[in-house]
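There are 2 protein chains.
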Amino acid sequence: MSLLVVGSVGLDTVYTPFDKVEDALGGSATYISLAASYFTGPIHFVGVVGDDFPKKYITLLEAHNIDLDGLQIIKDGKTFRWAGRYHYDLNVRDTLLTELNVFESFKPIIPPKFQKAQFVCLGNIDPVLQLRVLEQLDSPKFIVCDTMNYWIEGKKDELLEILKKVNVLIINDSEARLLAHEPNLIRAAKMIRQMGPEILIIKKGEHGALLFVEDQIFSAPAYPLEMIFDPTGAGDTFAGGFTGYLHKTQDLSPDNLKCAVIYGSAMASFCVEKFSTKGLEDLDYLRVLDRFREFRKLSRFDEKE
Amino acid sequence: MSLLVVGSVGLDTVYTPFDKVEDALGGSATYISLAASYFTGPIHFVGVVGDDFPKKYITLLEAHNIDLDGLQIIKDGKTFRWAGRYHYDLNVRDTLLTELNVFESFKPIIPPKFQKAQFVCLGNIDPVLQLRVLEQLDSPKFIVCDTMNYWIEGKKDELLEILKKVNVLIINDSEARLLAHEPNLIRAAKMIRQMGPEILIIKKGEHGALLFVEDQIFSAPAYPLEMIFDPTGAGDTFAGGFTGYLHKTQDLSPDNLKCAVIYGSAMASFCVEKFSTKGLEDLDYLRVLDRFREFRKLSRFDEKE
Numbered sequence: 001m002s003l004l005v006v007g008s009v010g011l012d013t014v015y016t017p018f019d020k021v022e023d024a025l026g027g028s029a030t031y032i033s034l035a036a037s038y039f040t041g042p043i044h045f046v047g048v049v050g051d052d053f054p055k056k057y058i059t060l061l062e063a064h065n066i067d068l069d070g071l072q073i074i075k076d077g078k079t080f081r082w083a084g085r086y087h088y089d090l091n092v093r094d095t096l097l098t099e100l101n102v103f104e105s106f107k108p109i110i111p112p113k114f115q116k117a118q119f120v121c122l123g124n125i126d127p128v129l130q131l132r133v134l135e136q137l138d139s140p141k142f143i144v145c146d147t148m149n150y151w152i153e154g155k156k157d158e159l160l161e162i163l164k165k166v167n168v169l170i171i172n173d174s175e176a177r178l179l180a181h182e183p184n185l186i187r188a189a190k191m192i193r194q195m196g197p198e199i200l201i202i203k204k205g206e207h208g209a210l211l212f213v214e215d216q217i218f219s220a221p222a223y224p225l226e227m228i229f230d231p232t233g234a235g236d237t238f239a240g241g242f243t244g245y246l247h248k249t250q251d252l253s254p255d256n257l258k259c260a261v262i263y264g265s266a267m268a269s270f271c272v273e274k275f276s277t278k279g280l281e282d283l284d285y286l287r288v289l290d291r292f293r294e295f296r297k298l299s300r301f302d303e304k305e
Numbered sequence: 001m002s003l004l005v006v007g008s009v010g011l012d013t014v015y016t017p018f019d020k021v022e023d024a025l026g027g028s029a030t031y032i033s034l035a036a037s038y039f040t041g042p043i044h045f046v047g048v049v050g051d052d053f054p055k056k057y058i059t060l061l062e063a064h065n066i067d068l069d070g071l072q073i074i075k076d077g078k079t080f081r082w083a084g085r086y087h088y089d090l091n092v093r094d095t096l097l098t099e100l101n102v103f104e105s106f107k108p109i110i111p112p113k114f115q116k117a118q119f120v121c122l123g124n125i126d127p128v129l130q131l132r133v134l135e136q137l138d139s140p141k142f143i144v145c146d147t148m149n150y151w152i153e154g155k156k157d158e159l160l161e162i163l164k165k166v167n168v169l170i171i172n173d174s175e176a177r178l179l180a181h182e183p184n185l186i187r188a189a190k191m192i193r194q195m196g197p198e199i200l201i202i203k204k205g206e207h208g209a210l211l212f213v214e215d216q217i218f219s220a221p222a223y224p225l226e227m228i229f230d231p232t233g234a235g236d237t238f239a240g241g242f243t244g245y246l247h248k249t250q251d252l253s254p255d256n257l258k259c260a261v262i263y264g265s266a267m268a269s270f271c272v273e274k275f276s277t278k279g280l281e282d283l284d285y286l287r288v289l290d291r292f293r294e295f296r297k298l299s300r301f302d303e304k305e
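For the protein sequence lines, the chains are X and H, in the order given. No gaps in the numbering here: position 298 of the first sequence is 298 in the numbering used here, and each next residue is one more. No gaps in the numbering here: position 198 of the second sequence is 198 in the numbering used here, and each next residue is one more.
Keep in mind that the hints were calculated from the coordinates and are not lab data. Bear in mind the structure is a predicted one, so any value in this text is a computation, not a measurement. Watch out, some of these pointers could steer you wrong.
Identical copies go unnamed one by one, so any copy, or any two together, can satisfy a pair.
[To be verified] Distance condition first, Cα-Cα at most 25 Å in a straight line; then the derived BS3-like pairs of lysine-lysine:
#, residue 1, residue 2
1, LYS297, LYS204
2, LYS258, LYS75
3, LYS297, LYS190
4, LYS248, LYS113
This is chain X alone, in the form it adopts within the complex:
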């Protein structure tokens, strides 16, 4: 059974202190699928674009064994566009433009051959759409869900409804604090898990990530990068690497979830090293494995005998 990915697809214009890129391939479903494609395939992809969506991006996604039968291409429609500018420290970004276009009336339709999906990764989109995806599935076994402050603030009730149905929630630290109304992350995590997801991942950017599973807490380091070119898509890429690895191994034990968090972090570190999806386009499994092992060196210490 394939991994089902649902989310946004867009054309991003990004300015950083180092360079800029226009109408680059973007969107949560894109980053998730590309990252997951290094672990498993075909990826069952559901999203929407206009017929202005460049053919070269279709080719790129298909080359990564991403099945686009669920990609709606709207005739005479315009693809979702986003533009943003990162500041020198790359932690702050200004949104310059958000044009929803065809995304505004997106109704995810899951093709019949995708409906038996056992593993699902719901990219960061309106929780109403995330719920609509789940309604169309036969009996998903493992649902990973991403969200953001925009939905926490604007669609709290719908978000709480989807949280009851998912196995894993992935959010960042400020979103966790916002969702739980609690500044202490450990307490916030407890409260969020009571909302539904038995597994919670809190991403902390340059400080790594925390995984909460059963009665365990796992602290994953961040990869020490001297140069971050473009942070766009790092969170989606994390989700894709995490879910892709779990789909590949079909092992949901806490120990394997820890490895999945490291694979997610490894993929995100490749993502931010280049503009847009460039860092995810030409990897191979050995490079991913090498980076996984670098994470191990980074955090390993052994007691003196």
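Starting from the known structure of chain X, fit chain H onto it as the hints suggest.
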């Protein structure tokens, strides 16, 4: 040869959302020494107080095998006092009062029996005083130095001078960025090590700590505390645990430095669980070792075979 600790000694009044404490034992030398005392002793302590300094604190320090021959007690002098208020999220604090008192004219005098010290921990005080300490020592082998934004901004030249003479600098992430004028921590670390200290530790509060040694980077997790009662002294306590463990083991290899960072983090986690120095007063080595091992569980992951 004993571990030499030089720094401030004070009486702290601290308000947190949970409670308050008045004229509690405080100061960088105090926290460093108490933390180090669980690893090694006697601790050779150098600092200054007025004759209003409560006898019970002298007794407490001495009970931890801290040799106070280097503690100047100024007749008719008033001990350094600090008051601060922490906000609900405990990451922000307002300084309500800083009365230097006898600390204003402090000239550290190292008693002859302390001058042969091989291991030295310079607590966060004026870099001019830190330099004066080093001038009085025969041939220190391993010097750990703490500092803060106040000296980075106000005494940069003197700070750069002391940095050339120390082996380890311990600072927090915002101080590292300030000192190097560089938002990326990994690049900032490189630049700071070029200023002198071959070993650098960047503390990141709730996000753990980074150790830079030789060509290695080690990422230490933070202990996941649901309740932080009082963050005062956590950084000094880290430095004390770190240096105390290294003094005990006399092993300065990168692998052992990693363990020292974890012991420093473990001691800091005990510190913030109670008000003032209370969390450091009644520990024993087994509890410290248990916490060290909890840190190991927190960050450990193993590759699937």
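Status of each hint after checking the structure:
1. LYS297 with LYS204: Both: 20 Å inside a chain and 20 Å across chains, each within 25 Å.
2. LYS258 with LYS75: Close neither inside one copy (43 Å) nor across copies (59 Å); limit 25 Å.
3. LYS297 with LYS190: between (30 Å within a copy, 19 Å between copies)
4. LYS248 with LYS113: Answer is within; shortest intra-copy Cα gap is 19 Å, inter-copy 64 Å.
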